[in-house]
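Trainee: Sequence:
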Amino acid sequence: MFEQIFIDTPQIELLQWLARGSLKQNLLRAIRLWVWLRSLYGSEGVSLHGETSDRLLLDDSFTFADWRDAFFSATHPKGEAIPKLHDLNCPCAKTTAAWLFHPKTGLVESQWQRSLITHTGILETDLHKLLQRRLFGVTRRSLQADLEILTQMGWLEYREQKYHRVRKLPFRPVTTTSEATFTNASRDELNFLNQEDLAAIAQNHSQMICGVRRLFFKLDYVIPRNTIDCVEDWQHQLRELWGQTPVPPVQLTYNSARLGKAVESIVYPVCIYYVQRAVYLCAFGQSPDRQTDWYNYRLDRIEDITPMQWTDPSIPQLLQQRYKRANLPNPAEIEMEMSNAWGFDFYLPSRLMLLRFERDYHDRYIQSTFRHDTFEAIAYQQAKRLIKQHTPLPEQQQALLKVLTDRSSQDAYYRVNYRHLDHNVSMRIRAWRPKAEVLMPWDLRQDIAADISAEFLLYLGQENHEIHTIIAGE
Numbered sequence: 057m058f059e060q061i062f063i064d065t066p067q068i069e070l071l072q073w074l075a076r077g078s079l080k081q082n083l084l085r086a087i088r089l090w091v092w093l094r095s096l097y098g099s100e101g102v103s104l105h106g107e108t109s110d111r112l113l114l115d116d117s118f119t120f121a122d123w124r125d126a127f128f129s130a131t132h133p134k135g136e137a138i139p140k141l142h143d144l145n146c147p148c149a150k151t152t153a154a155w156l157f158h159p160k161t162g163l164v165e166s167q168w169q170r171s172l173i174t175h176t177g178i179l180e181t182d183l184h185k186l187l188q189r190r191l192f193g194v195t196r197r198s199l200q201a202d203l204e205i206l207t208q209m210g211w212l213e214y215r216e217q218k219y220h221r222v223r224k225l226p227f228r229p230v231t232t233t234s235e236a237t238f239t240n241a242s243r244d245e246l247n248f249l250n251q252e253d254l255a256a257i258a259q260n261h262s263q264m265i266c267g268v269r270r271l272f273f274k275l276d277y278v279i280p281r282n283t284i285d286c287v288e289d290w291q292h293q294l295r296e297l298w299g300q301t302p303v304p305p306v307q308l309t310y311n312s313a314r315l316g317k318a319v320e321s322i323v324y325p326v327c328i329y330y331v332q333r334a335v336y337l338c339a340f341g342q343s344p345d346r347q348t349d350w351y352n353y354r355l356d357r358i359e360d361i362t363p364m365q366w367t368d369p370s371i372p373q374l375l376q377q378r379y380k381r382a383n384l385p386n387p388a389e390i391e392m393e394m395s396n397a398w399g400f401d402f403y404l405p406s407r408l409m410l411l412r413f414e415r416d417y418h419d420r421y422i423q424s425t426f427r428h429d430t431f432e433a434i435a436y437q438q439a440k441r442l443i444k445q446h447t448p449l450p451e452q453q454q455a456l457l458k459v460l461t462d463r464s465s466q467d468a469y470y471r472v473n474y475r476h477l478d479h480n481v482s483m484r485i486r487a488w489r490p491k492a493e494v495l496m497p498w499d500l501r502q503d504i505a506a507d508i509s510a511e512f513l514l515y516l517g518q519e520n521h522e523i524h525t526i527i528a529g530e
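All you need for this note's numbering is the position in the sequence shown, starting with 1, plus 56.
Keeping only pairs whose Cα atoms sit at most 30 Å apart, straight-line, the calculated DSSO-like set for lysine-lysine is:
1. Lys274 - Lys491
2. Lys80 - Lys185
3. Lys458 - Lys491
4. Lys444 - Lys491
5. Lys458 - Lys440
6. Lys160 - Lys80
7. Lys140 - Lys80
8. Lys150 - Lys140
9. Lys134 - Lys218
10. Lys440 - Lys491
11. Lys458 - Lys444
12. Lys218 - Lys150
13. Lys160 - Lys224
14. Lys150 - Lys80
15. Lys150 - Lys160
16. Lys140 - Lys218
17. Lys150 - Lys134
18. Lys185 - Lys150
19. Lys134 - Lys185
20. Lys185 - Lys160
21. Lys140 - Lys160
22. Lys140 - Lys185
None of these hints come from the bench; they were simulated from the model.
Using the sequences plus the hints, can you model the full thing?
Mentor: Structure follows, in structure tokens:
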């Protein structure tokens, strides 16, 4: 007997590979092929069916009839028709769900279904119907076609009117039960990455290929090295807190860069985000400046986390109310607010921004890219209407309309809802300069102009002293 072992779990990437096309259309066949492979190459000590081993007692060369007799019960029909439900202990009686969510696979049904729906777009109702179908309740011709597909994919060889196991299994996306810890930790197909295509890349390349790692993430990360251990401690403590029922509120001691001092805040910890250079705890309750209910706390600036009881009278009233109504904040609220307006500080006021890009720059670097759900190209005349609608002071409105008149109608104009004073939005606008111009709102435009003027003065040499004097108003 060959010692090739196949104990892969039916993760989406493996099923997609077995489907050889649309997984949505070929889902049941892909799952059935996975069971075929477990029956041909599975471990003798692991079973997805009854007390027997996955690997059937078959010679390395076999016929379809040999496999059928070893796989199904003795009373399984040998005709061409779809077998009726004749024996509850026969593998043909098992539903697709029973094969997939057997304890040995380590799959969590709800998470697997969510991943498949995200990957294929299949309707939840249609998926539930498929999962209740008998996976091997198919014709002999369908099973024979399964064997032919496995042969075409290199899992079997066909010669002398028999199928033969291969000495080396084909390359495929590998997920095994021995990787259960990794698999469970990366549930939802790595959807914590927030972008479906990025998650798919990570799924397909998260493991080494022929011993070589081919995927790398290079992230800006400004956390000081001397605080890395502390950040890990906070993440571990938060994980422990999130495992409790109910999740308790906490008192944070936070070294606020904005306030220039350490402050204490009582909050409900909701989730962790990595956003441009650092890791943040999104929490609801008290912000350091007490101006908002939500706040993004940078983990390396947290000095202490002390769990509290929900009966503590010092808990902010709004947080107490949400607890009593069983309506505690959750990550979905944050995601919704982030989709409503551009910016990580989702609790800041949302405002409308009007942007202009130089046409050549736009066509090279902006067109066909995704910036935000509300980032929308508009016509030149629509830009004029937006200025009139959203600039109430007559002097400011006329000034902005004059600016727009001086700009080319051939340039690219965009509108976007953004979080006013969000630092990450400001950094992106700064990176676009001078190829992009904020036309509206007025106060943001003035802040940018002042910023540019101050920066320009820094780069004036002594030989430009006269210009320096004019700009400085001396």
